[in-house]
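Undergrad: Sequence:
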Amino acid sequence: MSIKSFIYKRRPELAVASEFYGAYRDFRKAGFRKTPYGFMMAGPKTMQEGSYEARETKIIIECLKKADVFIDIGANIGYYTCIARSMNMKVLAVEPLWHNLQYIYHNLNINNWTDVEVYPLGLSDKPGLAVLYGVGTAASFIKDWSGVSTKMRMVPLSTLDILVAKRFSGRKIVIKIDVEGIEYRVLKGARETMSLSPAPVWLVETGLTDHFPSGHNADFIKVFEEFWSIGYTAYDVANAAEEKISETQVHNWVKNLNTEAHYNFLFKKETGQADLR
Numbered sequence: 001m002s003i004k005s006f007i008y009k010r011r012p013e014l015a016v017a018s019e020f021y022g023a024y025r026d027f028r029k030a031g032f033r034k035t036p037y038g039f040m041m042a043g044p045k046t047m048q049e050g051s052y053e054a055r056e057t058k059i060i061i062e063c064l065k066k067a068d069v070f071i072d073i074g075a076n077i078g079y080y081t082c083i084a085r086s087m088n089m090k091v092l093a094v095e096p097l098w099h100n101l102q103y104i105y106h107n108l109n110i111n112n113w114t115d116v117e118v119y120p121l122g123l124s125d126k127p128g129l130a131v132l133y134g135v136g137t138a139a140s141f142i143k144d145w146s147g148v149s150t151k152m153r154m155v156p157l158s159t160l161d162i163l164v165a166k167r168f169s170g171r172k173i174v175i176k177i178d179v180e181g182i183e184y185r186v187l188k189g190a191r192e193t194m195s196l197s198p199a200p201v202w203l204v205e206t207g208l209t210d211h212f213p214s215g216h217n218a219d220f221i222k223v224f225e226e227f228w229s230i231g232y233t234a235y236d237v238a239n240a241a242e243e244k245i246s247e248t249q250v251h252n253w254v255k256n257l258n259t260e261a262h263y264n265f266l267f268k269k270e271t272g273q274a275d276l277r
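Everything in the sequence shown is counted per the numbering used here, starting at 1 for the first residue and increasing by one.
Do not take every clue at face value.
As the list claims (entries may be wrong) - Once the Cα atoms are required to be at most 16 Å apart in a straight line, the calculated EDC-like pairs of lysine to aspartate or glutamate come out as:
id, residue 1, residue 2
1, LYS172, ASP26
2, LYS269, GLU226
3, LYS269, GLU243
4, LYS45, ASP68
Don't read these hints as lab results, they were simulated from the structure.
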């Protein structure tokens with residue numbers, strides 16, 4: 001246990017104070033800037049310049065052009081949330097980390113977007129409470145994700161089905177999931193949503209080995225199986241979401257513990273769904 005971890009464990013109020021101060025400091029340094037998408041944003045320079053995750057952003061925008069609703073699970077500081085809202089979409093943003101939420105609130109407020117639904121919680125397979133470890137993009141419900149976790153806080157959990165259920169039935173939905181290792185848990189709590197008609201388009205970040213304290217993701221193949229079992233097809237975002245991912249390919253990745261740098265995937269149904277790509 002590091003000295004910092006020891007201190008935070010003995011004096012948890014210091015961890016809280018550090019997080020509050022860090023958010024205030026970072027927010028002051030960031031400042032607001034107009035993005036190429038036309039909205040104002042405080043955050044990393046790559047987001048403000050529109051160069052952040054260029055490949056993924058392009059695909060998400062193409063999907064959003066033909067959709068009605070965007071659900072941003074693991075919204076971080078609201079980059080994709082703001083892009084979707086700038087396209088006049090109905091937007092739901094889910095983010096459990098207090099630091100990130102401050103950015104989301106301010107980024108929405110400066111653009112006068114008071115109609116975005118922001119849920120300050122995490123999603124999983126059942127509602128309850130859980131410890132969220134780490135800070136920033138390394139924050140995860142998995143202890144020691146991407147290294148030793150010195151900060152932690154208790155946050156509420158819900159499920160996507162509780163948030164959505166059949167609320168948007170009949171509407172075209174795009175759902176982005178970036179939850180640092182617990183993708184399968186989120187999907188287990190989203191089975192009703194996955195079965196909506198038209199079927200939502202899902203963009204999911206999931207890895208096999210990177211950042212996992214155990215060395216690998218035991219649920220990696222289960223993410224694909226969850227989609228395959230109800231008729232979804234997987235596509236590789238690295239190839240502009242035009243190349244299908246076969247079951248054989250995924251099984252080989254798991255066997256070799258190597259996804260060949262593939263970790264962003266698009267899932268959609270070929271029939272019974274409006275074409276969103």
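Undergrad: With reference to the structure, classify each hint as holding or not holding.
TA: Quick rundown of the hints versus the structure:
no.	hint	in the structure
1	LYS172 <-> ASP26	violated (36 Å)
2	LYS269 <-> GLU226	holds (13 Å)
3	LYS269 <-> GLU243	holds (14 Å)
4	LYS45 <-> ASP68	violated (29 Å)
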